[in-house]
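Engineer: Following this note's numbering, the numbering of the sequence shown begins with 1 at its first residue and continues without gaps.
Please note that a few of the clues may not be correct.
Okay, derived cross-link-like pairs now, DMTMM-like style, lysine to aspartate or glutamate, Cα gap no bigger than 20 angstroms in a straight line [said to hold, decoys possible]: (1) Lys169 to Glu506; (2) Lys368 to Glu506; (3) Lys368 to Glu323.
Please keep in mind that the hints were generated in silico from the structure rather than gathered at the bench.
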Amino acid sequence: MNGLERTLFAAIRTDTNKDIDQYPADVAAFCIPREKFREAARAMKMAGARLVAEWATDETLYHHPPLPPNSPFPLFSKEGDKRGRYDIEGGRGLGIYACYEKDSEYLIVKISVPLDDPTFPSITKKFVPAYRFERQMTGLMGVIPLDHPDPRPWIKHEDWPEDAWPLRKSFDPARSLERVEGKYEWIRAEGEGVYEIPVGPVHAGIIEPGHFRFQAVGEDIINLEERLGYVHKGIEKRFEGMSWEEGVRLAGRVSGDTTCAHSLAYCRALEAMTGSNPPKRALWLRAVMLERERIANHLGDIGAVCNDVAFSFLLYQFSRLKEMLLRTNYKFFGHRFMMDGIIPGGVAVDISQDGTEEMLREMDWLKKEFNRLVVIYDENPSLEDRVRDTGILTPEKARDLCVVGFTARASGLNADCRIKNPFPPYDQIIPKVPVLKSGDVHARAWVRIEEIRESIRLIRELLNTLPSGPVKSDLSSPPPDRAGFAVVEGWRGEIVYWLQSGPKGEINRCMIRDPSSVNWLALEQAIHGNIVPDFPLINKSFNQSYSGHDL
Numbered sequence: 001m002n003g004l005e006r007t008l009f010a011a012i013r014t015d016t017n018k019d020i021d022q023y024p025a026d027v028a029a030f031c032i033p034r035e036k037f038r039e040a041a042r043a044m045k046m047a048g049a050r051l052v053a054e055w056a057t058d059e060t061l062y063h064h065p066p067l068p069p070n071s072p073f074p075l076f077s078k079e080g081d082k083r084g085r086y087d088i089e090g091g092r093g094l095g096i097y098a099c100y101e102k103d104s105e106y107l108i109v110k111i112s113v114p115l116d117d118p119t120f121p122s123i124t125k126k127f128v129p130a131y132r133f134e135r136q137m138t139g140l141m142g143v144i145p146l147d148h149p150d151p152r153p154w155i156k157h158e159d160w161p162e163d164a165w166p167l168r169k170s171f172d173p174a175r176s177l178e179r180v181e182g183k184y185e186w187i188r189a190e191g192e193g194v195y196e197i198p199v200g201p202v203h204a205g206i207i208e209p210g211h212f213r214f215q216a217v218g219e220d221i222i223n224l225e226e227r228l229g230y231v232h233k234g235i236e237k238r239f240e241g242m243s244w245e246e247g248v249r250l251a252g253r254v255s256g257d258t259t260c261a262h263s264l265a266y267c268r269a270l271e272a273m274t275g276s277n278p279p280k281r282a283l284w285l286r287a288v289m290l291e292r293e294r295i296a297n298h299l300g301d302i303g304a305v306c307n308d309v310a311f312s313f314l315l316y317q318f319s320r321l322k323e324m325l326l327r328t329n330y331k332f333f334g335h336r337f338m339m340d341g342i343i344p345g346g347v348a349v350d351i352s353q354d355g356t357e358e359m360l361r362e363m364d365w366l367k368k369e370f371n372r373l374v375v376i377y378d379e380n381p382s383l384e385d386r387v388r389d390t391g392i393l394t395p396e397k398a399r400d401l402c403v404v405g406f407t408a409r410a411s412g413l414n415a416d417c418r419i420k421n422p423f424p425p426y427d428q429i430i431p432k433v434p435v436l437k438s439g440d441v442h443a444r445a446w447v448r449i450e451e452i453r454e455s456i457r458l459i460r461e462l463l464n465t466l467p468s469g470p471v472k473s474d475l476s477s478p479p480p481d482r483a484g485f486a487v488v489e490g491w492r493g494e495i496v497y498w499l500q501s502g503p504k505g506e507i508n509r510c511m512i513r514d515p516s517s518v519n520w521l522a523l524e525q526a527i528h529g530n531i532v533p534d535f536p537l538i539n540k541s542f543n544q545s546y547s548g549h550d551l
């Protein structure tokens, strides 16, 4: 029994049932009574765990057969105090899930709620990210967090019908929704000299829509509130009408700049459900693609940070390096962003020995060119003046917000799934994670710089040790009523996928938690005490995904 499991048992005692259909085996899942949900969160908080994700499922289509004697999932009557995984009336109800993590251990806690009373105890007072997770669950699944401090909609905008819950099985995605009149109540700051600045949702640049509402006194920002959801596409709902093989193509399009990492997370969750093991060569090639994706995006971001302080020379130079990398991707993987390259059971394309040697030469060239530009970046005093002590996210706030990825590592949190939860080949070729503590724009940029250097080293080692053999294995469909969980360190940070098969073995639920789902919260906190002209720079230093958040 692991640490978080012991913590849960100590808090809930005998009212826990282990879900034996949750895979992989090292990710434990427990069903607890509804009224103990907040108590479990309190115990996780006291143990120093972080909230990874919180989501809901519609299990009303389940028709579970009679359970065997001594089943770990006892049935309880409607009048009973406890609700296990199999809810009243043959399991027809909604599931509420929370995932926690500490010291490489992931733990999933579930409660069941009936359709006629879809309420559950809010855990917002224990974990800040639940503030938006639960608002999203309310709008998309129709579950109600009791004692939640903010009833405003999230993702689902106020002009949708209040009783339209897109993730319920009764919702028809082919039917057009009637538009209703609604008003979003912004948080306001009042006082002498306070004024508001609305930014977006349509922006001047070619970026996705998002609304930022500032309150400021002069140029000093005293509050920022974000409004997202403008690119909600119904991705999680769309999974329900797809085959398992088709699902990976949709996963690769959740956030277009992170296609490899999202595809890999989906595949690993599916492979955990089916007990499949891709060939060793495929595992190495997946890692090569993941690291190339990391380098390309970091190059683009560093250049964009430079551009936001009017140092356009480095924007052009870093963009040049990124472009050369993308052209190589197209040459050997058939797509500039390696779209559809990672598939269930392995990869869709192999590379020849000549291709391996050309990539190695490219890494030698990239390392030399990149380091030359980093010297220019580091020795420019006007750039340093803008990025130092700007947009600070303290380690304490980063920990409270449960941030991930380079955002966390720039604020003193040593978090990287490749190290804390390694899978082949990262269990053999181990990354070295850069961690800084200043939490400012400079730290978020410099962590990217060090990660590029490290990814170059990793790619060289991966290519030099590339195993021979096939690049794909056969993959069977998951059996009914099974769940799979996976985390992958994308270039923004930890990506989480949780897959659930339905009564016929189909996709019943695909829960996606992009790093942006928690990291967007950090931008609101890092902006305090800064001036309005620094917002574009601070925002770019986080560069979170609108699409990956809105789903």
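Engineer: All hints are to be evaluated individually against the structure, with a verdict given for each.
Structural biologist: These are the hints, each one checked on the structure:
| no. | hint | result |
| --- | --- | --- |
| 1 | Lys169 to Glu506 | holds, 13 angstroms |
| 2 | Lys368 to Glu506 | violated, 49 angstroms |
| 3 | Lys368 to Glu323 | holds, 16 angstroms |
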